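K.L.:
Listed here are the chains, written in short residue letters.
2 protein chains.
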Amino acid sequence: MRFAEPLQLQGGGTLADYTLVYETYGTLNADKSNAVLVCHALNASHHVAGMYEGDPKSIGWWDNMVGPGKPVDTDRFFVIGVNNLGSCFGSTGPMHANPATGKPYGASFPVVTVEDWVAAQALLADKLGIAQFAAVMGGSLGGMQALAWSMMHPQRLRHCVVIASTPKLSAQNIAFNDVARQAILSDPDYRGGDFYAHGVVPKNGLRVARMVGHITYLSDDDMAEKFGRKLRNAAEGNAYKFDFGIDFEIESYLRYQGDKFSEYFDANTYLLITKALDYFDPARAFDGDLTQALANTTAEFFVASFSTDWRFSPERSREIVQALVCNRRRVTYAEIDAPHGHDAFLLEDARYINMVRAYYERIWDGMKGQA
Amino acid sequence: MRFAEPLQLQGGGTLADYTLVYETYGTLNADKSNAVLVCHALNASHHVAGMYEGDPKSIGWWDNMVGPGKPVDTDRFFVIGVNNLGSCFGSTGPMHANPATGKPYGASFPVVTVEDWVAAQALLADKLGIAQFAAVMGGSLGGMQALAWSMMHPQRLRHCVVIASTPKLSAQNIAFNDVARQAILSDPDYRGGDFYAHGVVPKNGLRVARMVGHITYLSDDDMAEKFGRKLRNAAEGNAYKFDFGIDFEIESYLRYQGDKFSEYFDANTYLLITKALDYFDPARAFDGDLTQALANTTAEFFVASFSTDWRFSPERSREIVQALVCNRRRVTYAEIDAPHGHDAFLLEDARYINMVRAYYERIWDGMKGQA
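Line by line, the protein sequences give chains A and B.
Read in order, the letters of the first sequence correspond to residues 1 to 371 in our numbering.
Read in order, the letters of the second sequence correspond to residues 1 to 371 in our numbering.
It is worth saying that the hints were derived from the structure and are not from the lab.
None of the values given here were measured: they were computed from a predicted structure.
Among the hints, erroneous ones may be present.
Far from chain A, some chain B residues (derived; all Cβ distances over 12 Å) [said to hold, decoys possible]:
| hint | residue |
| --- | --- |
| 1 | M1 |
| 2 | R2 |
| 3 | P154 |
| 4 | V212 |
| 5 | C326 |
To be clear about the criterion: a stretch of chain B counts as covered by chain A if any three or more of its residues have a C-beta under 8 Å from a C-beta of chain A, and this derived list gives those stretches [unchecked claim]:
| hint | region |
| --- | --- |
| 6 | 181–190 |
| 7 | 252–263 |
Just so you know, even glycine gets a beta-carbon here, dropped at the ideal spot from N, CA and C.
My request is simple: use the sequences and hints to build the entire structure.
P.N.:
See the structure below:
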C-alpha cells in the first residue's frame, strides 16, 4: 500500500512518501469486526503465516500461531501482517531511494519509533476500512506495538495481546543493543551507512550484532541443555584445537546464526530497530508512571511471559499487568514455565499455545454475543 | 624472572624461552612458610597491591585485599603476584619476539591454558625457594588457577582460596567469549594477528569485546540502579536524540570502558585469555566428575560467591563445594548477598572482606600452631 501523504514522525522528521507491505490471511467479515493485526519483532516481517507457492521453506514466522484451525484461527479471523517502516523486507526502508535525492536513504533514514509504526499501521487500517480490530497482538517488540496501540488508539482494538514484552528496556537491554550498534557502526564496510553505493555489506558487524543478540534470546539453561560444552569435532577424538577456530558446538551454532543473518538483514535496519526498542517507554511522558500511561486504554488484555526469559523477564510483564489492574482493566496474565528463554514466544509450547487459543476462542465467543 | 628451559604446554607446543614478571609484598619468613600466591583474572596483572613511586594512579587491582593490615596482611604474609604467560603486562606474550623468528609472535603465540600458567607459576616458586604456599588465591579466572594448583600440586599449598569462580564455563559463557573473539578477529586492523608490524591496533574489535564482557561483569539490578534509563543529556532538556549517537548514560559508560580498554590491552592477549577460560574444565578428564577431579587435593578451601553474579553464579561455586565435601575436604563456603554482580570480588563489601580477613587470621593462627 502506497501512501503519498507525508508521515510526521516522533523524532521530528517526516517520510514524504512511503509504502507498507502487508499480507492478509482469512476473510474480512461483512461488518469488518474480525480483523487481527499481528505486529512483528526485530527480524521478522509481514509474512506471518503460510508459505509462498513453490517455496516450501518460506514458512511464516508465526505459522504455529496463525492459520486455519490454529490459535489465531484464520477460518474465523482476518489476520493482517504489516512490515514496519525502516525494515528490509519490503516496506520503505534505508535501502530505498529517498525521493528528495534519488539515492538510498542509508543512515539518513529517519529514526522511527514504535509509535511511528503504530501510526503507519493505523493509516493502513484506515485504507482497509478497518475501524476497530478484534485484537492487536505481538511478541517482544511486537508486544510493544500492541501496547502502544492500546494507548494511542484505545477505541480501535477490543483486545490487546502482549507476549514476552516489556513496558521499557532496562539498562542491560540497552547495553546489549549498543554493543550490536557499535559492532555495525565500526565495521569499515558500513561506510557511514552508504554501503549500498559501494557494493559492500558490513557483514562482520552484523554478524557480531546477531551473535550477541542471539545469546539474549536463549536461556542459560536451554543453552546448557542443547550445547553445554559439547565439542564440534567430538567424533574426531574430542580434543581441544588450541587455536582461535571453532572448538565448541555453541561457537559453531552462534557463528552460523550470525553468518546467515548477515546474508539477508540490512545493517541500517538493525540500527533503526534497536533504537526503536531503546526509545519505547510510554510511561516516560508520565514521569515513569505506567498506570497513568495506560489510563485511557479500553481494550481487554492478554499478557504472557516465560519463566526463563531473561531478556524481557516475567517481572516486566507483571509491571504491565499491575498497571492495568490499577486501572481496573480486564487482564488475563499467563506466566509460562518454559525452558526456551525469550525465544519461547515463537516456539511450540502446549501450555502457551493453548492459552492463546483459549483467549481467541473467547474473543470469538464475544463477537457472537456470547461473552 | 627469566626461564631458559623450554616450557611444555598443554596444547602440545613449547615456549622455548620466557620471562615471568612478578611483584612481591611483605617478607618471606625464615622457613618460607608464609608465602601467598595471588593469581590474576582477565585484564589484571602481577601488580596486585600498592602503587608505584610517583604514580598515585597506579593502584594495584586487589589493593583493598592485600597490604599491611589488610585481609591478606603483608605484615604477616609474603604475597606474590605473577603476570601470566600470554599477557600484555610484561611476561612473555604475543607482542614479544619469537626467538625462532626474531619477529613478534602475534597470533602464533601458543594457546596457553590455566594449567600452563600454574606450571609456570610453580617453576617461579621453585626459583624463589618456596616449596609450599600458605595459600594460593584468586577471583574469577584467578580462582580457576587456585583450583588448578590444588589439583596439580596438592602438596604445595595449605589453603586454596577460590572467589567468584567456576569449575568450567557454561555454553553461555563460551558464547559471550566467542562474540568478543569474533569482534577482534573480524576487525581488519587485526591483520591476522600481525598488527604490530603494521603499526595499527584492532581497537574497534577490542572495544566491542570489552563492552560485551563488561555487561557480564555487572548485575542487571546494579546497572538499573546506576544507570537505569538515564539520558546523558538530561541537563539539556532530557530529549531523545533520534540518531545513532549516545542517548543513554549506560551507552556512554560502556563505550568509555571499551575505548579505555582498547587503548591499553592487547588483542592477541584477549583472544588467548578467553580461550584459557573456555578450556578450563578439570572434570573433563574424569568424564565430567568434579569429585574425582578433586580427589587428590589436600588443601583446605575457602570458596566464595556473590548472589547477583550471573557470569559465574553461586551455583557454580556450590558445585566446587559439593565436590570437595564429597571428598571430605575441609571447606568454608561464603555465599555473599551483594548487588554488584561478578565485579563484586574486586569491590569493597564489608561481609566479603571480613570473611576473607577472618580466613587469613585462621591461616595465620594455624602457622603459629594454634589452629
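K.L.:
Give a verdict on every hint.
P.N.:
These are the hints, each one checked on the structure:
No Cβ of chain A approaches the Cβ of M1(B) within 12 Å, the least distance being about 25 Å, so the stated non-interface status holds. For R2(B), the shortest C-beta to C-beta distance to chain A comes to about 25 Å, beyond the 12 Å cut-off, and the non-interface label holds. Even its closest Cβ contact with chain A, about 24 Å, leaves P154(B) beyond 12 Å, as expected for a residue assigned away from the interface. The claim that V212(B) lies off the interface is violated: its Cβ sits roughly 5 Å from the closest Cβ of chain A, which falls inside the 12 Å cut-off.
Distance check on C326(B): its Cβ is at least 21 Å (rounded) from any Cβ of chain A, clearing the 12 Å threshold; non-interface status holds. Counting residues of the region 181–190 of chain B whose CB falls under 8 Å from any CB of chain A gives 7; the rule of at least 3 is met. Proximity of the region 252–263 of chain B to chain A, defined as three or more residues with a beta carbon under 8 Å from a beta carbon of that chain, is established by the 3 residues found.
Of the hints listed earlier, the one the structure fails to meet is number 4.
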